[in-house]
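Engineer: Here the structure of chain A is known, so what remains is to put chains B and C in place on it, guided by the hints.
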Amino acid sequence: MIELLLSIWNLVPEALQTLLIIILKIVVIAVPIMLSVAYITLAERKVIGFIQVRIGPNRVGPRGLLQPIADGLKLMMKEVIIPTNANRFLFVIAPLLALAPALACWAVIPFADGWVLADIDAGLLYVLALSSLGVYGLIIAGWASNSKYAFLGSIRSAAQMVSYEIAMGFALVGVLMAAGSMNLSAIIESQSGSFLHWFWLPLFPLFLVYFIAGLAETNRAPFDVAEGESEIVAGFHVEYSGMAFALFFLAEYANMILISILTAIMFMGGWLSPFQGIPLLEDLFAFVPGIVWILAKTSFLLFLFLWFRATFPRYRYDQVMRLGWKVFIPITIVWILVIGVGVMAELGPWFD
Amino acid sequence: MAFEIPNFAPALPEIFVFTMICVVLIVDLFLTDKNRSITYLLSQATLLGAAILSVVIQSSVPEYTFSGTFVNDGMGTVLKLFIYLSTAVVFIYSRDYLIERGLYKGEFFVLALFAVLGMMVMVSANNLLTIYLGLEVLSLAMYAMVALNRDSSIASEAAMKYFVLGSIASGMLLYGMSMLYGATGSLDHTTIASAISEGSGDDIVLKFALVFIVIGLAFKLGAVPFHMWVPDVYHGAPTAITLFISAAPKIAAFAMLMRLLVEGLGGLLEHWQDMLIILAVLSIMIGNVIAIAQSNIKRMLAYSTISHIGFLILGVIAGTSDGYAASMFYVIVYALMSLAAFGMIMLLSRKGFEADTLDDFKGLNQRSPWFAFMMLITLFSMAGVPPTVGFYAKLAVLSAVVDIGLVWLAVLAVIFSVIGAFYYLRVIKYMYFDKAVDNTPINSAYDMKVVMSANGVIILLLGIYPTGLIALCTSVLA
Amino acid sequence: MSIEPILFYIFSTILVLASVAVVTVRNPVYAALCLVLAFFTCAAVWLLLEAEFLALVLILVYVGAVMVLFLFVIMMLDINLVRSKEGFIKYLPAGGFVAILILIEMCVVLGPENFGIEITGEPLKHAADYSNTKELGVTLYTQYAYPFEIAGALLLLAIVAAITLTMRRRPDSKYQDPAEQVSVRRDDRVRIVKMAAEKKQ
Chain A
385 MIELLLSIWN LVPEALQTLL IIILKIVVIA VPIMLSVAYI TLAERKVIGF IQVRIGPNRV
445 GPRGLLQPIA DGLKLMMKEV IIPTNANRFL FVIAPLLALA PALACWAVIP FADGWVLADI
505 DAGLLYVLAL SSLGVYGLII AGWASNSKYA FLGSIRSAAQ MVSYEIAMGF ALVGVLMAAG
565 SMNLSAIIES QSGSFLHWFW LPLFPLFLVY FIAGLAETNR APFDVAEGES EIVAGFHVEY
625 SGMAFALFFL AEYANMILIS ILTAIMFMGG WLSPFQGIPL LEDLFAFVPG IVWILAKTSF
685 LLFLFLWFRA TFPRYRYDQV MRLGWKVFIP ITIVWILVIG VGVMAELGPW FD
Chain B
24 MAFEIPNFAP ALPEIFVFTM ICVVLIVDLF LTDKNRSITY LLSQATLLGA AILSVVIQSS
84 VPEYTFSGTF VNDGMGTVLK LFIYLSTAVV FIYSRDYLIE RGLYKGEFFV LALFAVLGMM
144 VMVSANNLLT IYLGLEVLSL AMYAMVALNR DSSIASEAAM KYFVLGSIAS GMLLYGMSML
204 YGATGSLDHT TIASAISEGS GDDIVLKFAL VFIVIGLAFK LGAVPFHMWV PDVYHGAPTA
264 ITLFISAAPK IAAFAMLMRL LVEGLGGLLE HWQDMLIILA VLSIMIGNVI AIAQSNIKRM
324 LAYSTISHIG FLILGVIAGT SDGYAASMFY VIVYALMSLA AFGMIMLLSR KGFEADTLDD
384 FKGLNQRSPW FAFMMLITLF SMAGVPPTVG FYAKLAVLSA VVDIGLVWLA VLAVIFSVIG
444 AFYYLRVIKY MYFDKAVDNT PINSAYDMKV VMSANGVIIL LLGIYPTGLI ALCTSVLA
Chain C
244 MSIEPILFYI FSTILVLASV AVVTVRNPVY AALCLVLAFF TCAAVWLLLE AEFLALVLIL
304 VYVGAVMVLF LFVIMMLDIN LVRSKEGFIK YLPAGGFVAI LILIEMCVVL GPENFGIEIT
364 GEPLKHAADY SNTKELGVTL YTQYAYPFEI AGALLLLAIV AAITLTMRRR PDSKYQDPAE
424 QVSVRRDDRV RIVKMAAEKK Q
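Protein chains in written order, with the working numbering: chain A, 385 to 736; chain B, 24 to 501; chain C, 244 to 444.
In isolation and in its complexed conformation, chain A is listed as follows (with noise of 0.2 Å):
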């Protein structure tokens, strides 16, 4: 069988085998997202349940499990209305818009020492660059759903994703001269040692900004002014129902835990074990797979993305304008110089 199976294989001009294989990579990839996007739906209405002393969704499976499930059946058995006057096509794209960046980005992410679909040297550029087209989906969705709540939402996305992503891409800037390179797996190397040599360290206040930017460009609590449920209904997606609707939260969560799994990487040192360079621990710990430490180390920064909104209040439009301008952009210019210095310098144990 086996054998039959792999004369078939052979049979496969070689281009479309390295395409066979580069879509199957894609499947295993994307596959597990978009269960995780599922289940973290679960988790947050679990994590927020315990956090306000309610239970959260216990009805559907065993303690609640197979909500996320019942949800989506609910989303796709839904009609998709189009309100009249909107811009029919734009209005379909635009959910597609936004989900289809979000996924692209996993293709240059290691989960582990060589598990990675595309090696590229321009990683974090790719990131950056593509994660800055999500924008489109939000502000085509606003303003082609001809709506003025929609409208709203999607001007004050694009503000909001515009700012800051400069603070973004600054925090990345010393995150890339910290590692002096661009590729993920690069960085992550250049992190290791112990849990001391990673980038949160020597890269604090960028560590800070970059998630905190991360919350905003994500459009999450308490940066969801996008949505703003109390002032402007939902947003940008207040006219989309349906499976439409979803593939707006799809994107978002898919945004969620790839900010989070960068941070992992770029900050937390990615797939290196927490244990290195602690005698006694490091070998203990030493059949754990790398992938087990990326996965741990991101939810956890996802567990700070539920915490947040259960904690803090929306912050006000021209708030949110001031601490992305006038707050993360000075702080990410002045770390900057100093990492710059410290490269220089040769600073240890980071930079040298």
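No lab work stands behind these hints, which were simulated from the structure alone.
Remember, it's a predicted structure, so these values are computed and weren't measured experimentally.
Glycine included, C-beta positions come from ideal geometry on N, C-alpha and C.
Fair warning: there could be bad hints in the mix.
[Unchecked claim] Think about it this way: if two alpha-carbon atoms lie no more than 30 Å apart in a straight line, the pair counts; the simulated BS3-like pairs of lysine-lysine are:
| no. | chain 1 | residue 1 | chain 2 | residue 2 |
| --- | --- | --- | --- | --- |
| 1 | A | Lys710 | B | Lys128 |
| 2 | B | Lys184 | C | Lys333 |
| 3 | C | Lys417 | A | Lys532 |
| 4 | C | Lys417 | A | Lys710 |
| 5 | B | Lys57 | A | Lys710 |
| 6 | B | Lys57 | C | Lys417 |
| 7 | B | Lys128 | B | Lys458 |
| 8 | C | Lys368 | A | Lys409 |
| 9 | B | Lys128 | C | Lys417 |
| 10 | C | Lys417 | B | Lys374 |
[Claimed, not checked] Over the 10 Å line for every Cβ pair with chain B, so calculated as not near, a few chain C residues:
| no. | residue |
| --- | --- |
| 11 | Phe251 |
| 12 | Ala261 |
| 13 | Val268 |
| 14 | Pro271 |
| 15 | Ala294 |
| 16 | Leu346 |
| 17 | Gln386 |
| 18 | Tyr387 |
| 19 | Ala401 |
| 20 | Thr407 |
| 21 | Arg411 |
| 22 | Ser426 |
| 23 | Val433 |
| 24 | Lys442 |
[Unchecked claim] Residues on chain A that point at chain C, a partial pick, calculated with CB under 7 Å:
| no. | residue |
| --- | --- |
| 25 | Leu501 |
| 26 | Asp505 |
| 27 | Leu509 |
| 28 | Ala542 |
| 29 | Val546 |
Structural biologist: Relative to chain A, chains B and C alone:
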């Protein structure tokens, strides 16, 4: 690749000016309107310091630095000194004018200093990239300065026209430069020049590149048929800004002409000579003829500028070092005259009143014989009447043109400058033989009156002893 | 046959079509989106040239920031389509003439006889460890340090100019002045008029 720290010394004036711009920008933040004169003094100090530095680091042989993108030579030093001088004079003339119109803000000085920086970069450029960037710094600063008075719709309109046409010109210039790069494989003027002389560049590509570059230059110079923006901008901008635009940037434009056409594309002399002849003839004709029909003195002076640009181009057409020196002399003299003419408009203006029509000059002799005399000298000089310096400037470019055998061109230029003399003399007639419409006494700051007088006297003195400046121009271009 | 020429032709076709669409579509939002598409495919073509830094920066800066703000403005402006089409026929002859002239010129100058692959030579294939970013950085900060600095000055100038022109109080807009509101007195607002009682008619 081994990296050598470049020699910073030749670029000290640029570095100093840029540093001071940042200082002025920050200091101004903490000043109230009452203390704005600190900004003014700092700006003047910047120009003075840059002048001192330029003199200190001057070198008779060209010094190249920053991988050949920067050159420090005699022509650069002289032109830069006159750029500082005219900007300093602009600051003095425009202070009261700006205070009266609520435009006396730190931004004016910062933008003007940025423009100076752009001009300095252009003057010292030895690379297409540097020349373009310098030009953009200058242009962007000027667009913003023209629009400085946002409440004036005419100024905003002028700025918009200036911006759109300026951008087109930049596009043309860049397109030409990209072709030039394609043909010669270099951005460096020296390398381009040697590539052209070896004939390694492709001929047809070079010619088209030249066309686009000349069009871009003509736009920036304001030569006919690319002069559409000049009258509107001169008329629409606040007079202080018109004063600034009309003087120093012309010096920088001359430098750009020299660096691009002569130093970079000198091998294509025969090609650009013909193009420039068309530009010069049209500029002199149209500038002088249309100026006659103007009743607004700022517009009239704008058309007069166009005709002067025609004369300036004449010297470059000659293609000899005498011709270039004549052009350089012309542009310096023109900057002085232009400062005096627009300065006079500002002297006569006061709060809520712009002396920008010809009628406002009626009877100036009764109001102030001295300043009427200064204006007389300036206008005589612009018309090219001896013994003022304008005469020698025109004489120098015309003789350079005659030397290469283009007598018809010289004759044509003389005929049209005689026609042009009409509108200058008309203003003189108004000043001396008409009754004053407006008898308000002329009140202005002491320093402005002194500098204004000095400006007029220099025009006269240079006319009587022109040899020093001419010799200076000749020596740096030899 | 390698896959690169196929990709090149796909991306360039989309690039050309999108660029044409930018000027021909009626809806300005569509035009802006077509421009985004054009930038994107242009970046893809650059990627094929192994200029990955430029390609990604093109997407990051133009698509991610500039065009977002562009769309922002276009959506807010509500451009009058009919008026912008006015005078199209009037200017067509002049515009068309210039366009044809430029087209002919480009055909003559930029054709393969001047810039063909035999003349410019094939672009170098680089080894896998070649970093376009690093090469650009080295050139930019050594050979072109001076133009790079001037470009920085230009950006600072642009900031100053933009703030100068926009940070002002418009004379025609209305403001509340709380201090003045508080200090207002009755006499400023109310006039008590004493009049004699009127008689019944």
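Engineer: None of the hints should be skipped; say for each whether it holds.
Structural biologist: Structure-based check of each hint:
| no. | hint | result |
| --- | --- | --- |
| 1 | A:Lys710 to B:Lys128 | 24 Å, holds |
| 2 | B:Lys184 to C:Lys333 | 21 Å, holds |
| 3 | C:Lys417 to A:Lys532 | 25 Å, holds |
| 4 | C:Lys417 to A:Lys710 | 27 Å, holds |
| 5 | B:Lys57 to A:Lys710 | 28 Å, holds |
| 6 | B:Lys57 to C:Lys417 | 27 Å, holds |
| 7 | B:Lys128 to B:Lys458 | 38 Å, violated |
| 8 | C:Lys368 to A:Lys409 | 28 Å, holds |
| 9 | B:Lys128 to C:Lys417 | 24 Å, holds |
| 10 | C:Lys417 to B:Lys374 | 26 Å, holds |
| 11 | Phe251 | 20 Å, holds |
| 12 | Ala261 | 21 Å, holds |
| 13 | Val268 | 23 Å, holds |
| 14 | Pro271 | 19 Å, holds |
| 15 | Ala294 | 16 Å, holds |
| 16 | Leu346 | 13 Å, holds |
| 17 | Gln386 | 4 Å, violated |
| 18 | Tyr387 | 7 Å, violated |
| 19 | Ala401 | 6 Å, violated |
| 20 | Thr407 | 4 Å, violated |
| 21 | Arg411 | 6 Å, violated |
| 22 | Ser426 | 24 Å, holds |
| 23 | Val433 | 35 Å, holds |
| 24 | Lys442 | 54 Å, holds |
| 25 | Leu501 | 16 Å, violated |
| 26 | Asp505 | 6 Å, holds |
| 27 | Leu509 | 4 Å, holds |
| 28 | Ala542 | 5 Å, holds |
| 29 | Val546 | 6 Å, holds |
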